[in-house]
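J.: Okay, here's what each chain looks like letter by letter:
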Amino acid sequence: MRYIIKRVIFFVITAWAALTMNFILPRLMPGNPAEVMIAKFRGRLNPQAINALEIAFGINVHQNMFIQYADYLKRMVVGNFGVSVTFYPTNVSQVLSQAIPWTIGLFGVSTVIAFLLGTILGIRTSWRRNSASSSVIVPFSLFLNSMPYFWFALVIDYIFAFELGWFPLGGAYSSGGSLHGWALVGSILYYAILPGTTIIVTATGGWLLTMRNNMISVLSDDFVTFARAKGLPDRVIEYKYAARNAILPSFTGFAMALGFIISGALLTEIVFSYPGVGYLLYQSVLNIDYPLMQAIFLFITVAVLTANFIADIVYVFLDPRVRTRGE
Amino acid sequence: MSFSTQEYGRGVNEMKYILVFMKNKKAAFGMGILLFFVLVAIFAPYIAPYSPNYMGFTPLQSPSWEHLLGTTATGQDIFSRVVWGTRLSLFVGIITGLIATALSVIVGLTAGYFGGLVDDILVMIANIFLVIPGLPLIIILAAYITIKGIWTIVFVISITGWAWGARVLRSQMMTLKNRDFVKASVVVGEKPTHIIFADIFPNMLGLIVANFFGASIYAVLSEAGLEFLGLGDSSAVSWGTILYWAQNNQAILFGLWQWMAVPGLLIALLGMSFALMNFAVDELTNPRLRKR
Amino acid sequence: MRMGKLLKVERLNAGYKLKSATVHAVRDVSFELKEGEFLGIAGESGCGKSTLAFGIVRLLTPPGEIFSGKVEFDGKDLLKMEEEELRRERWKEFSIVFQASMNVLNPVMKVKDQIIDAITYHTNDYDGHLEERAKELLSLVNVSEKYLNAYPHQLSGGMKQRVVIATALALNPKMIIMDEPTTALDVVVQKKILQEIDGLRKKFGFSIIFITHDLSLLVEISDTIAIMYAGSIVEKAASKRLYDNPLHPYTEGLMNSFPPLVGKRKRLHGIAGRPPDLSREMNGCPFYERCTKRIEGVCEREIPKLKEVEPGHTVACHLYDEEGESDAD
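Protein chains in written order, with my numbering: chain P, 1 to 327; chain A, 1 to 292; chain Z, 1 to 329.
Extracted from the complex, chain P is given alone in its bound form (with noise of 0.2 Å):
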């Protein structure tokens, strides 16, 4: 309980840290880039955009510093997050509602597929460790993991897409044509085939190795010892004894697992024009769009902390040290 508890504390708080972190930077940076996002957009956007922008980044503004932080949050929490410069003038909540589907869907399927086949992987790369399919499987992860992401996608792009022509070279569902139903869901996982792929083999590297270091550690403790005293088969021993124990650390380090693999998806989506959030972010930096920027970062930190804080809840099952007080 009192762990939970913990864990919901650093939840608001982060949360209100990257809310806070949202609002001072603009006004702290070098440069003001409000300044230079108004100018450039002066003849575009009509008075009420730049009054709003303005009030956003603080200037011209005759309200001191803390009545706008509190307006702030309280725009931020409503979900209020202004209009969308590069969309204009939809809303920039509109906006990124949209874009939220694609990026969980691909995104949320891959991590998952991902985690399994690193975290099995992992495990029988542990059991026999100077096998040959260790000797290969683990440098393979480790060049896999040290490569950049979006390389990789460039060129699975271009050799599968360009070269070879099996799948689409980008974008989220084949956009001649208006398809419903069965035939739009099918439009939909073919597109998704080669930026999923990216995903899955640039992120399951990390988790083979970390689970496959955790189970070399744990196969070396005393109760994985007794485990075969007792005779116990080793298939039974690999899962229920060892597995089981070394697993536990692949969730207490979730949080920075999933950053890693948020910033490979995000550049995925980039290279592949790929609807979601990251392509959203690659946008809105294009065009400085700050307010969207803004409430991107925000739904990035909070969707981690989330996902995060279901980690946590998820280990108190599988760790009963932390449920009970223990002596």
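Don't take every hint at face value.
Think about it this way: if two alpha-carbon atoms lie no more than 30 Å apart in a straight line, the pair counts; the simulated DSS-like pairs of lysine-lysine are [as the list claims (entries may be wrong)]:
hint	chain 1	residue 1	chain 2	residue 2
1	Z	5	Z	305
2	P	240	Z	110
3	A	25	Z	202
4	Z	5	P	240
5	P	6	A	177
6	A	25	Z	305
7	Z	203	Z	34
8	Z	146	Z	202
9	P	240	Z	174
10	Z	110	P	6
11	P	240	Z	135
12	Z	76	Z	17
13	Z	80	Z	135
14	Z	92	P	240
15	Z	146	P	240
16	Z	203	Z	191
To give an idea of the chain P side of the interface with chain A (calculated C-beta under 8 Å), a few residues [what the hints assert, rightly or not]:
hint	residue
17	147
18	151
19	239
20	282
21	301
The set of hints was computed from the structure by calculation and includes no laboratory data. Even for Gly, the Cβ is constructed at its ideal location relative to N, Cα and C.
Given chain P's structure and the hints, the job is docking chains A and Z onto it.
T.: Below, chains A and Z without anything else, positioned relative to chain P:
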């Protein structure tokens, strides 16, 4: 029967560790790659046939003997750019790695040693930076800072990359703090600076070095990512900026795959060399991971 | 009950192959164990007794390995058995109790599940009554049944050790090897657990090999005591005989190191010096450096062999060589 983790004592023999490190195959391979890149960077003016910025060649040529990797959309020789780019990519990677590691060391050691409120605050800050995903934060920061340039990149990446190492070093510091040889120093009345630097620090060297390699990988990949997105200094010559221009000029559609593939491959190799050395240091400090 | 030979260890050599050297932790060890016998093996830290224990039941993991020798249990050669057959024999025929370390029980499994899985993977005899059997076993070691559903971190050191002992009894094995089972516990609990163990042995008739560095524990409880030094057995006899008449200088030294509870006050002597490095070859008696009764010219040249000096009392020491036996000079 289990083997307990190495007992660190006084007078850790660093020379011995370095020798064992070099004998490790993974480390040797990684160091080899790194050395190769360092040499290329140093001797770039001699290796590259042309100036990297000269724009006088016929644009978008395929590889040939005059232009080993072809030319860009603005008529620059790709091979020369790649060779010269080694300098910046290496520089940013290593410097940023060093700065991030320095930050990790300062925060981690302070938090671990002093404990209490100082520790709680520092850990909270580190956790916040850990949870907030790196790349989005880097992107936002880079976008806000209107002064584009190498040092912006270094700053932005260092700021986001110290947290993991700080946590790891803090744990190690807390373990070491309770070892007998440290308590002995405390009892004798040594000053904290002496205890931290003379007693504890040598025993953490392995971990700090591993940290540096990890931070460097992060730095190299982040720099490439930033440049690729156009948030870095597009006029500079690094592997990341080459990729940026390749993407911008749709190299893929023109079939100039090598414009894309080669810088990316080099980034991967550099990252891998750090990863290998990191792996080797891990094996050194955790005997359980060693091959039998 | 046959009073036959249950275990026969012949010239066992085992140790650790490290990069820098090979440690010969168990050197040419031979002994026999009868059914129902309580054999204590005593020696200081690093003398190889744990390696011996693990070696006998093939639990050594790399870099540990068995170099040569024979281990015959109930007529079967344990060292030559197929992995799968050995796995089936485990726990049913013999079980092992580890040192009372913190970590012998799986932290994420309930106590009862860890007792039960030792049973279910070997026999169907208790199907349907598994939980009852677990309760029964816990009561044998005086642990309340409410701990069946507890997790290891909720138990004290003594309780964990009792749970391990209960698990060891689960399939009524013929032999239980106990490697320093009470070392990490406080003295009061130590004594209690020892008495419980002895009581269980008398009740169920299994043999025990009890390994410890504390000779005083064994003197009252064992039938036989073997003293180990630097990887070899240097003396073996019935415990009372050993206590009254230790032959090997090392044993003498050990006996003089702890005070009797009753009797005159004696001055205690320790044994000066340290045990030899087990990664080195030994040309003579390993105890030579520390022996107050050594024979120059003989003891450092030839390794003494275990010989029966009196019925049931063997010792490896040149002091007891018969005339003309030594090959030196």
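J.: Could you tell me which of the hints above the structure violates, numbers in ascending order?
T.: 3, 4, 6, 13, 19
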